[in-house]
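There are 2 protein chains.
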Amino acid sequence: MKKIKIVVDAMGGDFAPLNDVSGAIIAAEEKKDEIDIILTGRVNLINDELKKHKVRPDNIFVVNAEEVVTMDDSPVESLKTKSDSSISVGLNLLKEKKADAFISAGNTGAVMTASILKLGRIQGVGRPTIGSLFPTDKGKTMVFDVGASVDCKPVHLLEFAVMGNIYMKNVYNIINPKIGLLSVGEEKSKGDALTLEAYELLENSGLNFIGNVEGRDVLRGKADVIVCDGFVGNVILKFAESVLDVMKNKFRSYAEKGFFKKIWVGMMYGTLKNVVLKDFDYQEYGGVPLLGVDGISIIGHGKSSPIAIKNMIYKAEEMIRKEVNSKIREELSSLAIKK
Amino acid sequence: MKKIKIVVDAMGGDFAPLNDVSGAIIAAEEKKDEIDIILTGRVNLINDELKKHKVRPDNIFVVNAEEVVTMDDSPVESLKTKSDSSISVGLNLLKEKKADAFISAGNTGAVMTASILKLGRIQGVGRPTIGSLFPTDKGKTMVFDVGASVDCKPVHLLEFAVMGNIYMKNVYNIINPKIGLLSVGEEKSKGDALTLEAYELLENSGLNFIGNVEGRDVLRGKADVIVCDGFVGNVILKFAESVLDVMKNKFRSYAEKGFFKKIWVGMMYGTLKNVVLKDFDYQEYGGVPLLGVDGISIIGHGKSSPIAIKNMIYKAEEMIRKEVNSKIREELSSLAIKK
Numbered sequence: 001m002k003k004i005k006i007v008v009d010a011m012g013g014d015f016a017p018l019n020d021v022s023g024a025i026i027a028a029e030e031k032k033d034e035i036d037i038i039l040t041g042r043v044n045l046i047n048d049e050l051k052k053h054k055v056r057p058d059n060i061f062v063v064n065a066e067e068v069v070t071m072d073d074s075p076v077e078s079l080k081t082k083s084d085s086s087i088s089v090g091l092n093l094l095k096e097k098k099a100d101a102f103i104s105a106g107n108t109g110a111v112m113t114a115s116i117l118k119l120g121r122i123q124g125v126g127r128p129t130i131g132s133l134f135p136t137d138k139g140k141t142m143v144f145d146v147g148a149s150v151d152c153k154p155v156h157l158l159e160f161a162v163m164g165n166i167y168m169k170n171v172y173n174i175i176n177p178k179i180g181l182l183s184v185g186e187e188k189s190k191g192d193a194l195t196l197e198a199y200e201l202l203e204n205s206g207l208n209f210i211g212n213v214e215g216r217d218v219l220r221g222k223a224d225v226i227v228c229d230g231f232v233g234n235v236i237l238k239f240a241e242s243v244l245d246v247m248k249n250k251f252r253s254y255a256e257k258g259f260f261k262k263i264w265v266g267m268m269y270g271t272l273k274n275v276v277l278k279d280f281d282y283q284e285y286g287g288v289p290l291l292g293v294d295g296i297s298i299i300g301h302g303k304s305s306p307i308a309i310k311n312m313i314y315k316a317e318e319m320i321r322k323e324v325n326s327k328i329r330e331e332l333s334s335l336a337i338k339k
Numbered sequence: 001m002k003k004i005k006i007v008v009d010a011m012g013g014d015f016a017p018l019n020d021v022s023g024a025i026i027a028a029e030e031k032k033d034e035i036d037i038i039l040t041g042r043v044n045l046i047n048d049e050l051k052k053h054k055v056r057p058d059n060i061f062v063v064n065a066e067e068v069v070t071m072d073d074s075p076v077e078s079l080k081t082k083s084d085s086s087i088s089v090g091l092n093l094l095k096e097k098k099a100d101a102f103i104s105a106g107n108t109g110a111v112m113t114a115s116i117l118k119l120g121r122i123q124g125v126g127r128p129t130i131g132s133l134f135p136t137d138k139g140k141t142m143v144f145d146v147g148a149s150v151d152c153k154p155v156h157l158l159e160f161a162v163m164g165n166i167y168m169k170n171v172y173n174i175i176n177p178k179i180g181l182l183s184v185g186e187e188k189s190k191g192d193a194l195t196l197e198a199y200e201l202l203e204n205s206g207l208n209f210i211g212n213v214e215g216r217d218v219l220r221g222k223a224d225v226i227v228c229d230g231f232v233g234n235v236i237l238k239f240a241e242s243v244l245d246v247m248k249n250k251f252r253s254y255a256e257k258g259f260f261k262k263i264w265v266g267m268m269y270g271t272l273k274n275v276v277l278k279d280f281d282y283q284e285y286g287g288v289p290l291l292g293v294d295g296i297s298i299i300g301h302g303k304s305s306p307i308a309i310k311n312m313i314y315k316a317e318e319m320i321r322k323e324v325n326s327k328i329r330e331e332l333s334s335l336a337i338k339k
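In the order they appear, the protein sequences are chains A and B. My numbering numbers the first residue of the first sequence as 1 and each following residue consecutively. My numbering numbers the first residue of the second sequence as 1 and each following residue consecutively.
Errors might be hidden in some of the hints.
Put simply, identical chains are the same to the list, so a pair is met inside one copy or across any two.
Here are the simulated lysine-lysine pairs, DSSO-like style, with alpha carbons at most 27 Å apart [unchecked claim]:
#1 K238 / K178
#2 K32 / K250
#3 K248 / K98
#4 K190 / K303
#5 K261 / K250
#6 K138 / K248
#7 K51 / K248
#8 K188 / K303
#9 K140 / K188
#10 K257 / K322
#11 K31 / K153
#12 K250 / K178
#13 K32 / K178
#14 K262 / K273
#15 K52 / K32
#16 K138 / K257
#17 K80 / K262
#18 K250 / K222
#19 K32 / K97
#20 K222 / K153
#21 K303 / K222
#22 K98 / K250
#23 K248 / K178
#24 K138 / K262
#25 K248 / K140
No lab work stands behind these hints, which were simulated from the structure alone.
Taking the hints into account, I'd like the entire structure generated from these sequences.
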């Protein structure tokens, strides 16, 4: 089996380089014959972190990058002004074919922008897309797009469906994923100008298109892939993330109302966490892929744990082994011929 | 004080005519000098329901309407084919100036479409809007639009802001409501074509515009009024409503796993309900107003309780007493002059 080289942005996320390096070490040890890991970032900080671990696996390498893109940096600006950042250096390695994939828990906008500009788009892709997993009763639903592309045209939603279909089939082993179009009613006649036209395209796409789904269907597992404009997807994703925080805050203020209430909340918390909160905790899911760029780039939550980082690395490996990008290229070009 | 005549659709909602009539009776008794109530629907069904109550208040009247629009009827079709429905008859009373307001817990689309077509729009309003309240830490945020108008132009979002501002000021007594524009980032430069232009209009509107808000800010009470295209608002509203159902289902399946789990969930449920679930229960809020139509039309949840019906009646009364529609007309015409 060919070894795969995965670049990990060691400066990415709120707990960098701690969680990035720890996650990288776990992955490097578990898969020492399958993957090599290249950490990018300030070499002294990375080495300090590596020294804290008993063993330094042979399949971990470090490439220095002096600058760090912070969570507050403007994506476009940071690309111009911080050309020696861990993100830029990492993506350059992909561009120069010195590595196969890049993962980062850093500034989402910056990683996305840099990936699109440095790696370019796969031929046939009008707009790249970021997908996000939502927990459902029946498993998981992935919503494309959650913020890479706003002001989409109908054909872009079709592209998201094609890419999402390939991703769910290959990375989550779902046979013939059900594709839904996010809209304001189930009937074909319901929607806005964008979705009404996209419906026609999806209906004739040969995909397993189940028609319109509504906001209430996202958490109900009605579809495996739900497509929408990145504006709408981003608003729902951020809304969903906030629900957990709001609930936690409510329990916190309730607990503060008195000693017994505090004990009572403490008693309930374990159950609450297992039954409900865990599923809504988007930090548990590791990273989301940026699909449509000519290379593998996975973006993680800023609060990614070492396990989340490890999962991102494995997801990158799987995308490469399953040749997700070649499949996207093929299907989109056969779609272009049909049109 | 001039008595106000409010039409209640007695055939509207999943529990019609029971809840509609019960709610109407409570309101009629509590405010016998302030309001008259006209129930529209099948007169024999309504009378049967009225007879179940000890007293029949003098300020309750019945107007017969033979047909019933069901929850599954197509809004536009039902308007054409069921001209003698409780909705049509009720709105005709407004049109003929025989009543001042209409409330219904029936088919939302049908009530909305019939209201717009029968009552017409207030001069200066390009698109009517439905607002929905979201619970927040600090109180309530109302999102406009949640489904009346999709494919909005920037000026429509400005209209929603003007109407929402007047509504929150007058009906919820909020001084100088904070207006937010729903977008994908806080910075002015973030958004899609619609919101980028709407930002400019809102900035120069003289309203208390606080800039962009994100999906995560909806439940955080950052703004009193949040404006967005009806497509986006509808998707979030339905997503939010589903969160409660999903959580309830999760607790239910957990309880089914064994006797002790069932008892434990039973013990927790009271707290859960008071601390979290209640706030997310959108049925508690009574109706949402359709703003921008030339008349008062309030639409309630299909599952509206008698108390929800009563609250809708009171909201209608308040909108009339505070002259919300005259204020909308004035502010939009002065905005038109400024343009």
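Unsatisfied constraints (hint numbers, rising): 2, 3, 7, 10, 11, 13, 17 and 22
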